[in-house]
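Let the hints inform the model, and build the full structure from the sequences given.
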Amino acid sequence: MTASMSTATGSGRQAPGGATFGGVFIASVVVLIAALLPVGELGGADASLIGSGGTIALAAVTQLVLAMAALSLGLALGPPSAGSGVLIAGAGIAIGHLLLDKVWDGLDLSVSVGFWVVLALVLCLVWTGMGRLARQRGNATRVLVPLLFGGLIVYVWELTFVGFGVSPVIIPPPTDILASIIANRSILWLDFQHTIVHSALIGFAVGCAAGFLVAVLIDRSSFLQRGLLPIGSAVSAMPIVGTAPILISWFGQGWPASSAVVVIMTFFPMLVNTLAGLQSTGAMERDLMRSYAASYSQTLWRLRLPMALPFMFNALKLNATLALIGAIVSEFFGSPIVGMGFRIVSEQQRLNLDVVWATIAVAAVVGSLSYGVLTIAERVATFWHPSQRGEG
Amino acid sequence: MKRSLTLLATTSVFAGIAGAAQAQDPFTIQLKWVTQAQFAGYYVAEAQGFYDEAGLDVTIQAGGPDIAPPQVIAAGGADVIVEWMPAALAARERGVDLVNVAQVFDRSGMMLTCTEESGVTTPEDFPGNTLGVWFAGNEYPFLSWMSQLGYSTEGADADVTVLRQGFNVDPLLDGQAACISTMIYNEYWQVVDAGIPEDQLVTFFYEDQGVATLEDGLYALASDLEDPEFVERLGRFIAASMRGWQYAIDNPEEAAEIIVEADPAGVADYDVQLRQMENIATLIEEDGELGLLDPAAFQRTVDVLLASDSDPVITEDPGEAAWTHEAYEAARDHM
Numbered sequence: 001m002t003a004s005m006s007t008a009t010g011s012g013r014q015a016p017g018g019a020t021f022g023g024v025f026i027a028s029v030v031v032l033i034a035a036l037l038p039v040g041e042l043g044g045a046d047a048s049l050i051g052s053g054g055t056i057a058l059a060a061v062t063q064l065v066l067a068m069a070a071l072s073l074g075l076a077l078g079p080p081s082a083g084s085g086v087l088i089a090g091a092g093i094a095i096g097h098l099l100l101d102k103v104w105d106g107l108d109l110s111v112s113v114g115f116w117v118v119l120a121l122v123l124c125l126v127w128t129g130m131g132r133l134a135r136q137r138g139n140a141t142r143v144l145v146p147l148l149f150g151g152l153i154v155y156v157w158e159l160t161f162v163g164f165g166v167s168p169v170i171i172p173p174p175t176d177i178l179a180s181i182i183a184n185r186s187i188l189w190l191d192f193q194h195t196i197v198h199s200a201l202i203g204f205a206v207g208c209a210a211g212f213l214v215a216v217l218i219d220r221s222s223f224l225q226r227g228l229l230p231i232g233s234a235v236s237a238m239p240i241v242g243t244a245p246i247l248i249s250w251f252g253q254g255w256p257a258s259s260a261v262v263v264i265m266t267f268f269p270m271l272v273n274t275l276a277g278l279q280s281t282g283a284m285e286r287d288l289m290r291s292y293a294a295s296y297s298q299t300l301w302r303l304r305l306p307m308a309l310p311f312m313f314n315a316l317k318l319n320a321t322l323a324l325i326g327a328i329v330s331e332f333f334g335s336p337i338v339g340m341g342f343r344i345v346s347e348q349q350r351l352n353l354d355v356v357w358a359t360i361a362v363a364a365v366v367g368s369l370s371y372g373v374l375t376i377a378e379r380v381a382t383f384w385h386p387s388q389r390g391e392g
Numbered sequence: 393m394k395r396s397l398t399l400l401a402t403t404s405v406f407a408g409i410a411g412a413a414q415a416q417d418p419f420t421i422q423l424k425w426v427t428q429a430q431f432a433g434y435y436v437a438e439a440q441g442f443y444d445e446a447g448l449d450v451t452i453q454a455g456g457p458d459i460a461p462p463q464v465i466a467a468g469g470a471d472v473i474v475e476w477m478p479a480a481l482a483a484r485e486r487g488v489d490l491v492n493v494a495q496v497f498d499r500s501g502m503m504l505t506c507t508e509e510s511g512v513t514t515p516e517d518f519p520g521n522t523l524g525v526w527f528a529g530n531e532y533p534f535l536s537w538m539s540q541l542g543y544s545t546e547g548a549d550a551d552v553t554v555l556r557q558g559f560n561v562d563p564l565l566d567g568q569a570a571c572i573s574t575m576i577y578n579e580y581w582q583v584v585d586a587g588i589p590e591d592q593l594v595t596f597f598y599e600d601q602g603v604a605t606l607e608d609g610l611y612a613l614a615s616d617l618e619d620p621e622f623v624e625r626l627g628r629f630i631a632a633s634m635r636g637w638q639y640a641i642d643n644p645e646e647a648a649e650i651i652v653e654a655d656p657a658g659v660a661d662y663d664v665q666l667r668q669m670e671n672i673a674t675l676i677e678e679d680g681e682l683g684l685l686d687p688a689a690f691q692r693t694v695d696v697l698l699a700s701d702s703d704p705v706i707t708e709d710p711g712e713a714a715w716t717h718e719a720y721e722a723a724r725d726h727m
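Those sequence lines, one after another, are chains A and B. Residue numbers for the first sequence follow this note's numbering, beginning at 1 and rising by one. Residue numbers for the second sequence follow this note's numbering, beginning at 393 and rising by one.
Hints were generated in silico from the structure; no laboratory data involved. On a predicted model such as this, the values are computed, not experimentally measured, just so you know. Just to be clear, a hint being listed does not mean it is correct.
Restraint-style ranges between C-beta atoms, simulated for each label pair [said to hold, decoys possible]:
| id | chain 1 | residue 1 | chain 2 | residue 2 | range |
| --- | --- | --- | --- | --- | --- |
| 1 | A | VAL166 | B | PRO656 | 29 to 39 Å |
| 2 | A | PHE251 | B | ASP458 | 19 to 29 Å |
| 3 | B | GLY441 | A | ILE360 | 39 to 49 Å |
| 4 | A | PRO79 | B | ALA548 | 50 to 60 Å |
| 5 | B | ASP551 | A | ILE360 | 43 to 53 Å |
Beta carbons: idealized from backbone N, C-alpha and C, even for Gly.
Here it is in structure tokens:
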């Protein structure tokens with residue numbers, strides 16, 4: 001596969017590393033074999049990718065031919081081209097879709113080696129395509145590769161769990177989870193409001209604000225530093241499984257108790273990071289302010305707080321995760337019958353695993369979004385910091 | 393030396409063969425809650441050697457908060473479980489093919505206990521109040537009752553605010569809830585022990601409200617029941633367990649002692665367990681057919697569950713597939 005070949009796309013230059021005619025031929029033969037091997041039983045008869053029980057589906061054949069064409073083209077184009085990655089991955093997706101369609105139609109995967117051959121082929125193709133795309137620069141490929149990878153995992157999950165008839169009481173397939181999100185959206189929305197908007201957000205705001213204020217106070221007085229810091233670290237070391245039941249008996253079974261748990265969890269990281277940030281200013285900068293006859297508060301506002309921002313954002317990103325964990329887990333110990341933690345526990349006990357996973361999916365999205373928002377805010381506020389200037 | 397070694401070797405071989413001949417059949421039961429007199433029959437059968445006599449090596453797995461017996465048996469962790477019928481039928485609809493093989497408790501011990509100062513005296517007073525109930529399968533009779541009374545329990549403006557009760561009676565003592573769910577043999581007495589005298593408590597028995605459902609029964613998987621060897625073992629287990637139950641009912645003091653000794657956590661108290669055993673005995677009818685499911689009682693439970701139209705516990709009548717007398721008939725050979 002080292003000989004180069006003129007490409008058919010009219011780019012006018014030779015793409016190094018493109019496949020030879022022999023390589024393309026072998027790949028096409030492999031796809032053909034995979035298409036004809038029986039992958040399982042559909043309606044009592046052996047089924048292959050392109051048909052079952054002797055009949056051949058025209059649509060499936062067309063899709064397969066297109067996949068083979070895309071694969072050949074992609075192989076011919078060679079690695080440096082992003083197009084080759086897309087084509088090869090596309091071929092893998094097309095073949096994978098043929099298999100998934102059969103599984104959704106009720107294919108019984110109990111006996112066949114053809115299934116594993118096709119699955120291996122699909123994985124190989126998508127993996128190769130991803131590999132070629134990953135070497136490219138550009139925003140499109142940066143989004144495409146994680147999407148392909150995530151999609152591959154979801155695909156294998158759906159295929160094997162539906163195809164092998166795994167009981168939905170153990171783990172439901174992704175399509176069930178999606179259907180559950182749509183069907184239960186009003187309950188999920190109420191849970192979201194209770195856990196995220198009330199417990200997590202309010203606790204996050206109060207905990208971070210308190211941590212920040214105490215850090216500024218401690219910075220001012222070394223007496224407080226020696227007194228408060230050890231207490232703060234002891235408070236943060238208390239495990240949530242111990243503090244949650246106590247706070248619930250104090251505040252009652254509602255979101256205030258969960259908020260209190262989040263406050264305790266987020267206080268110390270914010271305190272420590274803000275303190276470290278305040279103390280991170282260099283001697284030269286402080287001397288400069290002194291030479292300007294700046295007062296303590298002027299120095300604080302114009303020099304030391306801006307210099308502390310990178311540290312504070314560190315703490316904010318950490319606390320976002322802690323707030324989510326604290327809000328959900330504290331509900332395990334007592335809650336009214338609303339809330340994401342309650343939903344996870346009670347629906348799991350009712351064996352409605354699809355609702356459990358729907359809640360988990362909502363939590364994952366919330367966590368990712370909050371991290372994204374904080375990262376953008378960090379980029380805006382600390383554009384001057386070397387860590388933000390590193391990417392070229 | 394060499395001669396005594398040979399003697400030792402020969403004796404151990406024979407002992408091994410003899411031991412192998414006496415090998416007990418293994419059997420695992422998953423209980424619905426922690427070790428307490430609610431499951432006295434099984435612990436008594438173990439302690440009195442009834443299981444040994446039946447040729448069974450029984451492992452009694454205690455339950456607890458967050459242990460749902462249908463999940464344990466679906467995952468293959470037990471041969472038979474103790475469960476309430478509403479939860480078992482709901483699990484059936486989710487795909488866990490549970491079948492009732494024995495019904496130990498004939499009457500429901502579930503009730504709603506309210507303090508006098510909450511102002512609740514009749515079910516008409518429920519709206520606007522906070523009522524506590526356990527989840528993990530125990531909420532079905534409660535939800536069914538609320539639905540039949542026409543009160544909504546979910547959503548922003550529910551008629552009744554439902555509190556998820558932990559395994560204690562604090563919500564009633566703290567005043568967080570006007571009423572909490574209690575069992576006549578357990579939590580009710582915890583409230584009394586905590587200092588609220590019985591005449592200051594208002595109680596609603598599910599039996600009196602016409603919404604009682606069958607409680608503690610034994611359930612196995614339909615797929616297991618297709619194996620005749622399993623049914624035979626199950627029959628021996630049921631026979632020995634019912635012997636244990638009869639003994640526990642006739643000798644509550646001894647049963648309480650056995651429970652206290654068997655408690656792995658070591659927190660069981662003799663007086664509490666004795667009181668619980670005596671209350672449990674009132675839930676079991678002494679008609680000579682201890683453990684036999686009455687099909688009419690099964691149908692009554694199904695009717696109660698189907699009568700709730702909002703948030704139904706089950707959506708269709710499971711029919712005769714949900715119970716069997718086959719194991720009990722096998723048990724009769726050993727009773």
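Query raised in the report: Measuring from beta carbon to beta carbon, are VAL166/A and PRO656/B in 29 to 39 Å?
Result: About 34 Å separates the Cβ atoms of VAL166/A and PRO656/B, which means 29 to 39 Å holds.
Report task. Go ahead and decide if the range 39 to 49 Å is satisfied by the Cβ distance of GLY441/B to ILE360/A. Result -> holds, 48 Å
Query raised in the report: Regarding PHE251/A and ASP458/B, is the given constraint of 19 to 29 Å on their beta-carbon distance met?
Result: Holds: the Cβ-Cβ distance is about 23 Å, inside 19 to 29 Å.
Report task. Return holds or violated for the Cβ distance of ASP551/B and ILE360/A against the range 43 to 53 Å. Result -> violated, 31 Å
Query raised in the report: Between PRO79/A and ALA548/B, does the C-beta distance stay in 50 to 60 Å?
Result: About 57 Å separates the Cβ atoms of PRO79/A and ALA548/B, which means 50 to 60 Å holds.
Hint violations for this structure: number 5 only, all remaining hints satisfied.
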